[in-house]
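Engineer: Take a look at the letters that make up each chain.
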Amino acid sequence: MEDADSNGALQSLLMSRSLSDPELLAASGTAPDYAILPEVSVLKIGGQSLIDRGRVAVYPIVEELAEAKRSFQMLIGTGAGTRARHAYALAMELGLPTGVLTDVGAAVSGQNAQMLGHLMARHGVPVVGDTGFGAVALYIAECGAAIFAGMPPYDMWQHVPAEGVIPPYRTDAGCFLAAEVYGARQMIYVKDEDGLYTANPKTDKSATLIPQITVDELIDMDLPDLVIERPVLELMRNARHIRSVQVINGLRPGLISRALRGEHVGTIISAQ
Amino acid sequence: MTTDPTFVTKDLVSVFARQTLLDRDLVRQPDRPVVRLLPWLNVVTLGGRSIIDRGVETVRPVVDELRAAMSEHRMLILTGPGVRARHVLGVGLDLGLPTGVLASLMSEEAKQNGHMIAALLAEDGVSYLSHTSVAHRLAVHLSASRAVVSNGFPPYGIFEFPPAVGKIPPHQTDAGAFLLADAYGAARTIYVKDVDGVSTSDPASENGGGQPELLPRIGATELLAMNIATLPIDPIVLELMATAKHVKEIQIVNGRTPGNITKALAGEHVGTIIHATRDLPT
Numbered sequence: 001m002e003d004a005d006s007n008g009a010l011q012s013l014l015m016s017r018s019l020s021d022p023e024l025l026a027a028s029g030t031a032p033d034y035a036i037l038p039e040v041s042v043l044k045i046g047g048q049s050l051i052d053r054g055r056v057a058v059y060p061i062v063e064e065l066a067e068a069k070r071s072f073q074m075l076i077g078t079g080a081g082t083r084a085r086h087a088y089a090l091a092m093e094l095g096l097p098t099g100v101l102t103d104v105g106a107a108v109s110g111q112n113a114q115m116l117g118h119l120m121a122r123h124g125v126p127v128v129g130d131t132g133f134g135a136v137a138l139y140i141a142e143c144g145a146a147i148f149a150g151m152p153p154y155d156m157w158q159h160v161p162a163e164g165v166i167p168p169y170r171t172d173a174g175c176f177l178a179a180e181v182y183g184a185r186q187m188i189y190v191k192d193e194d195g196l197y198t199a200n201p202k203t204d205k206s207a208t209l210i211p212q213i214t215v216d217e218l219i220d221m222d223l224p225d226l227v228i229e230r231p232v233l234e235l236m237r238n239a240r241h242i243r244s245v246q247v248i249n250g251l252r253p254g255l256i257s258r259a260l261r262g263e264h265v266g267t268i269i270s271a272q
Numbered sequence: 001m002t003t004d005p006t007f008v009t010k011d012l013v014s015v016f017a018r019q020t021l022l023d024r025d026l027v028r029q030p031d032r033p034v035v036r037l038l039p040w041l042n043v044v045t046l047g048g049r050s051i052i053d054r055g056v057e058t059v060r061p062v063v064d065e066l067r068a069a070m071s072e073h074r075m076l077i078l079t080g081p082g083v084r085a086r087h088v089l090g091v092g093l094d095l096g097l098p099t100g101v102l103a104s105l106m107s108e109e110a111k112q113n114g115h116m117i118a119a120l121l122a123e124d125g126v127s128y129l130s131h132t133s134v135a136h137r138l139a140v141h142l143s144a145s146r147a148v149v150s151n152g153f154p155p156y157g158i159f160e161f162p163p164a165v166g167k168i169p170p171h172q173t174d175a176g177a178f179l180l181a182d183a184y185g186a187a188r189t190i191y192v193k194d195v196d197g198v199s200t201s202d203p204a205s206e207n208g209g210g211q212p213e214l215l216p217r218i219g220a221t222e223l224l225a226m227n228i229a230t231l232p233i234d235p236i237v238l239e240l241m242a243t244a245k246h247v248k249e250i251q252i253v254n255g256r257t258p259g260n261i262t263k264a265l266a267g268e269h270v271g272t273i274i275h276a277t278r279d280l281p282t
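As given, the protein sequences belong to chains A and B, one line each in that order.
One point on numbering: in our numbering, the residue at position 64 of the first sequence is 64, and numbering is uninterrupted.
One point on numbering: in our numbering, the residue at position 110 of the second sequence is 110, and numbering is uninterrupted.
Worth flagging that the hints you see were computed from the coordinates, not collected in a lab.
There could be a bad hint or two in this list.
Unchecked claim - Each pair of labels, with its calculated beta carbon distance range: (1) Ser206(A) x Arg32(B): 29 to 37 Å; (2) Glu57(B) x Met15(A): 17 to 25 Å; (3) Thr203(A) x Arg67(B): 57 to 65 Å; (4) Pro258(B) x Pro38(A): 51 to 59 Å; (5) Gly259(B) x Ser18(A): 41 to 49 Å; (6) Ala266(B) x Ser18(A): 28 to 36 Å; (7) Pro60(A) x Val140(B): 43 to 51 Å; (8) Ala121(A) x Val140(B): 33 to 41 Å.
All C-beta atoms in this analysis are idealised placements derived from N, C-alpha and C, irrespective of residue type, glycine included.
Full structure from sequences and hints, please.
Structural biologist: Below, the structure is given as structure tokens:
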């Protein structure tokens, strides 16, 4: 009965208040959270970190994903990488706005999804296109996994960064949001480092690995560089399903399967 | 591990090559101006609940005014969803659906309102454009016609952000119109609502005293800080204004007052103008 009352109150606020009304916003939070695909794990395969390396990095990952598919349902997002960086640099020089850069970045992550899709075709893994998300449940049920381009479809509506024009919400954010909206079991970022470091380990030899950290701690540390897009931290704070993510090294054999099993093999970042 | 010589990344040479794109010092570009793609564009947003839901008595004069303005101005007309979006939001919340799904559902209603407004202007050459067409073919459409109509909601869909409080999608019509106007470098961004602009909730009026006062011109940050309960624009727009490259002013006008849309398009100060605060001389 209490449920019915709070629902009645929510419905009446919905019809009478502005949609940014604080009381309405708070009431909307009392609605239940239904997890749409609770058994699915979302993985992001890095563009620059893995796919740009070619077969030496990608073939073993394909094999590992094919093997993991026997035990785990997976939605596999792709990053963009070096071609996006080239296009961003060029577009920036030409004075183009963030929206145009977003579109260009989306195309690159789409190419990577296409390539990974061809490599996984023999394992029966399809690529989900722009409008294919409607059929994602079927793909997962029939094929055990599906591949998608990780860039969110913000296009000309992308947020504008405080400095410069590089799209702030890119493939890390897109994959996180896919995991969140489907109420997925977990979100795993597959990159080419063992996890999050105190600095960029590629350029700073003194960088040390942080195995576990909370979003608040990470924001407080205000690291100059980061293994994951900064806005993902803010999204994590507000997420209702995905309360932690793990960043793992896809160059180390076996880590994808272990992370899928819930083992701590990289850096776990958790909201709190 | 990462220095293993067998791993050769196939890099393209660019200033961002091998970067995370997250190093603040490396992504800065202070002196590089961003081009206005469509400097003559006027983005006119019609409120769903405030204008379209009011029916023929409100919609017809607004549409007539837009039709008359077409000879002078090139317009992207965007529509909000209104009361049907509230209904579907209510059903969706009750079912436990996530914010991203709620955003997709609400967006559908804004689209239907767009179809209706476009139909009323069809004989004048106005069509409804999808998000894809607005993002990629707006220039050709606005060369063929003086105005087009589209969905005010941004195409965030299932990729909508989870909000800080509750589950209602944070990016709705007002935010969608603003982000799009800024990306195109629009000349004017006008929100057509059913109030004269932004009014203060004068504390005196709550005690039965004075009238709320209309604010003709105010800074976005200042307005956010005032915490007005009955703001006629989504507060997220005031936050987005802080980083916008081009749209430094937005105008809120009362569409129920004949002539207001025409005046706003002509650059007259009717209603409330909200300006980006950081560019003002102090």
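Engineer: Taking the earlier hints as the rules, which of them does this structure contradict?
Structural biologist: Per hint list: single violation, 5.
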